[in-house]
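Protein chains in written order, with our numbering: chain A, 1 to 361; chain B, 362 to 722; chain C, 723 to 1083.
By construction, these hints were calculated from the structure, which means they are not laboratory data.
Do not rely on the hints blindly, as some may be mistaken.
Listed next, the stretches of chain B that the computed footprint assigns to chain A, with coverage defined by at least 3 CB atoms under 8 Å from CB atoms of chain A [what the hints assert, rightly or not]:
#1 461–475
#2 521–535
#3 541–553
#4 574–584
#5 597–604
#6 702–709
Mimicking DSSO-like on lysine-lysine, the simulated pairs with C-alpha atoms at most 27 Å apart in a straight line are [what the hints assert, rightly or not]:
#7 A:K61 - A:K11
#8 A:K335 - B:K696
#9 B:K696 - C:K879
#10 A:K128 - A:K156
#11 C:K879 - C:K850
#12 C:K878 - C:K735
#13 C:K1057 - A:K11
So these bits of chain B aren't anywhere near chain A, every CB distance computed over 10 Å [what the hints assert, rightly or not]:
#14 N370
#15 E662
#16 Y695
We treat Cβ as the ideally placed atom computed from N, Cα and C, and that holds for glycine.
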Amino acid sequence: MSPANPMNNPKNKAGNFFEDFRLGQVIRHATPRTVTAGDQALYTALYGGRFALQSSDVFAKACGLPAAPVDDLLAFHVVFGKTVPDVSLNAVANLGYAGGRFLAPVYPGDTLSAESEVVGLKENSNGKTGVVYVRSRGVNQRGEAVVEYTRWVMVKKRDAGAPAPEAVLPELPEAVAAGDLVVPDGLDFADFDCAAAGSPHRWGDYAAGERIDHGDAMTIEEAEHQLATRLYQNTARVHFNQHVESQGRFGRRIVYGGHVISLARALSFNGLGNAVKLVAINGGTHAAPSFGGDTIYAWSEVLDSIELPGRSDLGALRIRTVAAKNIDCGTLPYKAVSEEGRHGYHPAVVLDLDYTVLLPR
Amino acid sequence: MSPANPMNNPKNKAGNFFEDFRLGQVIRHATPRTVTAGDQALYTALYGGRFALQSSDVFAKACGLPAAPVDDLLAFHVVFGKTVPDVSLNAVANLGYAGGRFLAPVYPGDTLSAESEVVGLKENSNGKTGVVYVRSRGVNQRGEAVVEYTRWVMVKKRDAGAPAPEAVLPELPEAVAAGDLVVPDGLDFADFDCAAAGSPHRWGDYAAGERIDHGDAMTIEEAEHQLATRLYQNTARVHFNQHVESQGRFGRRIVYGGHVISLARALSFNGLGNAVKLVAINGGTHAAPSFGGDTIYAWSEVLDSIELPGRSDLGALRIRTVAAKNIDCGTLPYKAVSEEGRHGYHPAVVLDLDYTVLLPR
Amino acid sequence: MSPANPMNNPKNKAGNFFEDFRLGQVIRHATPRTVTAGDQALYTALYGGRFALQSSDVFAKACGLPAAPVDDLLAFHVVFGKTVPDVSLNAVANLGYAGGRFLAPVYPGDTLSAESEVVGLKENSNGKTGVVYVRSRGVNQRGEAVVEYTRWVMVKKRDAGAPAPEAVLPELPEAVAAGDLVVPDGLDFADFDCAAAGSPHRWGDYAAGERIDHGDAMTIEEAEHQLATRLYQNTARVHFNQHVESQGRFGRRIVYGGHVISLARALSFNGLGNAVKLVAINGGTHAAPSFGGDTIYAWSEVLDSIELPGRSDLGALRIRTVAAKNIDCGTLPYKAVSEEGRHGYHPAVVLDLDYTVLLPR
Chain A
1 MSPANPMNNP KNKAGNFFED FRLGQVIRHA TPRTVTAGDQ ALYTALYGGR FALQSSDVFA
61 KACGLPAAPV DDLLAFHVVF GKTVPDVSLN AVANLGYAGG RFLAPVYPGD TLSAESEVVG
121 LKENSNGKTG VVYVRSRGVN QRGEAVVEYT RWVMVKKRDA GAPAPEAVLP ELPEAVAAGD
181 LVVPDGLDFA DFDCAAAGSP HRWGDYAAGE RIDHGDAMTI EEAEHQLATR LYQNTARVHF
241 NQHVESQGRF GRRIVYGGHV ISLARALSFN GLGNAVKLVA INGGTHAAPS FGGDTIYAWS
301 EVLDSIELPG RSDLGALRIR TVAAKNIDCG TLPYKAVSEE GRHGYHPAVV LDLDYTVLLP
361 R
Chain B
362 MSPANPMNNP KNKAGNFFED FRLGQVIRHA TPRTVTAGDQ ALYTALYGGR FALQSSDVFA
422 KACGLPAAPV DDLLAFHVVF GKTVPDVSLN AVANLGYAGG RFLAPVYPGD TLSAESEVVG
482 LKENSNGKTG VVYVRSRGVN QRGEAVVEYT RWVMVKKRDA GAPAPEAVLP ELPEAVAAGD
542 LVVPDGLDFA DFDCAAAGSP HRWGDYAAGE RIDHGDAMTI EEAEHQLATR LYQNTARVHF
602 NQHVESQGRF GRRIVYGGHV ISLARALSFN GLGNAVKLVA INGGTHAAPS FGGDTIYAWS
662 EVLDSIELPG RSDLGALRIR TVAAKNIDCG TLPYKAVSEE GRHGYHPAVV LDLDYTVLLP
722 R
Chain C
723 MSPANPMNNP KNKAGNFFED FRLGQVIRHA TPRTVTAGDQ ALYTALYGGR FALQSSDVFA
783 KACGLPAAPV DDLLAFHVVF GKTVPDVSLN AVANLGYAGG RFLAPVYPGD TLSAESEVVG
843 LKENSNGKTG VVYVRSRGVN QRGEAVVEYT RWVMVKKRDA GAPAPEAVLP ELPEAVAAGD
903 LVVPDGLDFA DFDCAAAGSP HRWGDYAAGE RIDHGDAMTI EEAEHQLATR LYQNTARVHF
963 NQHVESQGRF GRRIVYGGHV ISLARALSFN GLGNAVKLVA INGGTHAAPS FGGDTIYAWS
1023 EVLDSIELPG RSDLGALRIR TVAAKNIDCG TLPYKAVSEE GRHGYHPAVV LDLDYTVLLP
1083 R
């Protein structure tokens, strides 16, 4: 029972490696988490969100909900955090998201748990890593799904000699279809109070192609992203260990990509103040890492304006929000061709997020 | 709909300029906010407050309240934060406060919203800025006022050529009169437990002119003031954007003045431990900005001892609390004459706050 | 009433000195504190704890409790914080703990207050300091004890000429005896869900002598330890005042030792994930101070495996968790002999904590 080399004590599980995943495997993630008003207060302190539906019980009730739900992305991060110890502890990179849907709202007192199914596997040609596709789902204490999404990560192999699995890539939608968007039970924007929400602009006031520089910016402090990432019980080591990271690729801790998503979403209030409800994450790319001391700006483009069948009170907008660091987004930085002729993101861009929101009509 | 210059997309409103304000104008501020036990926990973590009435439900009930209210200044900051996007986003300086009153206590679960009336306007002789006086009021979900105060700010003009309005200055009381102080319904200090509250000193033990060095001090971290200011949904840019502020007047982010008020109030527990309830803010000056890394000390002077009609259980003290940075307050730094002969504050002083508190008799 | 020298205004009490303590003296500490879901959320954000019993109401109910209790160490720190103004404001060093027991669990909404009895006194031979032993006890609003422990601190004398008291040393148990461990009413691990808890390892899978490197690490930020220490209303000055500490022994603020205890406990999840309930703190030494920027690692040794009479659902493990800074704990750093031949701790070790936990059988 007392191992000769305690470093190898198998009770401290080191996470899964590429060859540990099997197509169709279902992983039930650990640590159910009761989300509370305390979590939502911290979320507000971390990002400064002002979307009225999550900020005010009174506003939420006037929209037909029993109380203010917690921020959609708080629920997303909590579910994501549960998947980390099983899915991405040995990840080299978080490559993308697709088909994300927000389903039942999460209220203070709800308990979230999560599971993931392996829906794709492809070993890289170097034989040292592979890409794992998982479909993750968070459910509340009644078993109702609250959020689901596919993400894919590049994971190290434990043993380069392990045989490659048959490559299987899942079909990924370019965007969640209008018919698959879920409007929460009871949500009704017929009496939406634009003055309280802080914006006069309704769904019909936005058109595809329209672009908005959100103007404000937030400088990230190390303490802030660590507090956030621990709040989500996300255990990825690169966010927390300066002793090791000081010797690493960047010389410092990497900010959890979801922290930048939440910052960009909060900044988007300036111009999208009535976009109070996330219903889909269609895709997302963390174009570059962010670090403590970086200042995050954001701008958005309306990709699509979506009528929802049978709803005269609300409509959906598909939005691309781009976050960039240490550069004013008045120039709308996005794609760029490097000096070496490579096509890619403008070097300041850190996030390219494609998502769908509800607004009052 | 798709503007040629996205920087000018009017959906991202840039705040009001001096010429946008009209005397008598009433501004209903956006984003109602449900205050929770989570906010109060963060408030405690940010300032370390130990006043028993806000710390303990048991203590509060023994004082006749239904539960521990949230800190009075937390309610003030939340209301203040709502006014920023409309009143002070283009402010050059926050000049002063007067006539502040705390009315109904705020409990976890209450939803606050705010409105302001423009009660004074005066363009400055340079033609580039003007002073706006607003009377702001926060109300709860039952429409009961919880806090009201006048503040005045120097705001930029968008267009220096815009005509000056007729100068109107509101009448401002030097201090809230005894008869205007509001003791919350049910509050009764007849059985006030001094041992639990942490101080043996009752109302009658203090006399006008008495001065107390509070002794302790707090060093402000960037993450702390950012978390606080976002918690209050205060969007003033100077607090958050190091990328811009590194090129600005001070080379760094400016700490929200209200953060220093709350630090000074928490420090004042040492010597004013039984001053558990704020009832007025008579006036306040942010004498100099504070920055991350500054250490805040505080001392207080009793300005007046106020008997409240019909109350044998409690009395009020009018207090001046002075906060200074990076200097021990044992010398009671306050006003000073500079080397150039100018009268003003001692260079270390950052806050001069005149307020009124309740103590047990 | 208006003292000539305000620095000496006695209303700002300077804490007790060694000669102020009397054997048998009972000190009722100030500031009762209602603990809420907000405090628990902050606790999670500060340490990233993943023990399922505190994380999930659903899990806690399945274990027979009415709801998820707050973290045991949060209750400990809140009680400890209350003792600081009376016991250790003038302490030179926090020397040790013994006989700590966790009794009734603490739930959001409970109000904690604390008292201490002086159980030992011994002046040091230098005549300038002495050691004070206190037995501290936290109780809830129903008067039920929630945590109790003995700690001893070296406290300055106000006046070196004050006579030494008769030296009395309390009897201190090496560890809390099995018969004195308290399993909370209703707690039942018969249906303990190991998958949800995140570990397959039950009580019987651990053996005395077994050692586990917990692998992960956390870098401490100044804002984090300050937020934590204020959350606990702990007023010890060395944690908060960089202006003074920059001139002090270490040139910077010292991290509250309890912050390191909580970090080590959270890190221990990797390998001790089912150790969801603390029942005793047998002893503890803060071997060296920690500072902002330090990265904390931890490893543990199972000291004893304890069967609890009449319980087939759970058992106890006595654990030593060692935290070290800025060194990977794969080498299990602990005791060492210095170059000068002195026996003591490895220079990287900051904490040696001996405690007892419950696990499912």
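How the hints compare with the structure:
Counting residues of the region 461–475 of chain B whose beta carbon lies closer than 8 Å to any beta carbon of chain A gives 4, which meets the minimum of three for the stated coverage. For the region 521–535 of chain B, the assignment as covered by chain A is violated, since 0 residues bring a beta-carbon within under 8 Å of that chain's beta-carbons and 3 are needed. Figure legend: the region 541–553 of chain B, annotated as covered by chain A; annotation inconsistent (0 residues with Cβ-Cβ distances under 8 Å, at least 3 required). Judged by the Cβ-Cβ criterion of 8 Å, the region 574–584 of chain B is covered by chain A as claimed, because 3 of its residues qualify and three suffice.
Evaluation of the coverage hint for the region 597–604 of chain B: fulfilled, as 5 residues show C-beta separations to chain A shorter than 8 Å, against a requirement of three. Residues of the region 702–709 of chain B lying with their CB closer than 8 Å to a CB of chain A number 0, which falls below the three-residue condition for coverage. About 47 Å separates the Cα atoms of K61 (chain A) and K11 (chain A), which puts this hinted pair outside 27 Å; it is violated. In summary, the hint linking K335 (chain A) to K696 (chain B) is not supported, as the alpha carbons are separated by about 56 Å, beyond the 27 Å threshold.
For the given pair, K696 (chain B) sits about 37 Å from K879 (chain C) by alpha-carbon distance, which is inconsistent with the 27 Å threshold. With a C-alpha separation of about 6 Å, the suggested pairing of K128 (chain A) with K156 (chain A) holds against the 27 Å cut-off. Proposed proximity of K879 (chain C) and K850 (chain C) is supported: the alpha carbons are some 5 Å apart, at most 27 Å. Taking the CA atoms of K878 (chain C) and K735 (chain C), the gap is about 15 Å. The hint holds against a cut of 27 Å.
Our distance criterion of 27 Å between C-alpha atoms is met by K1057 (chain C) and K11 (chain A), whose separation comes to about 24 Å. With a cut of 10 Å on Cβ distances, N370 (chain B) falls inside the contact zone with chain A, its closest approach being about 5 Å. For E662 (chain B), the requirement that its beta carbon stay farther than 10 Å from each beta carbon of chain A is met, with the minimum near 33 Å. Interface exclusion of Y695 (chain B) from chain A stands, the closest Cβ pair being 33 Å apart, more than 10 Å.
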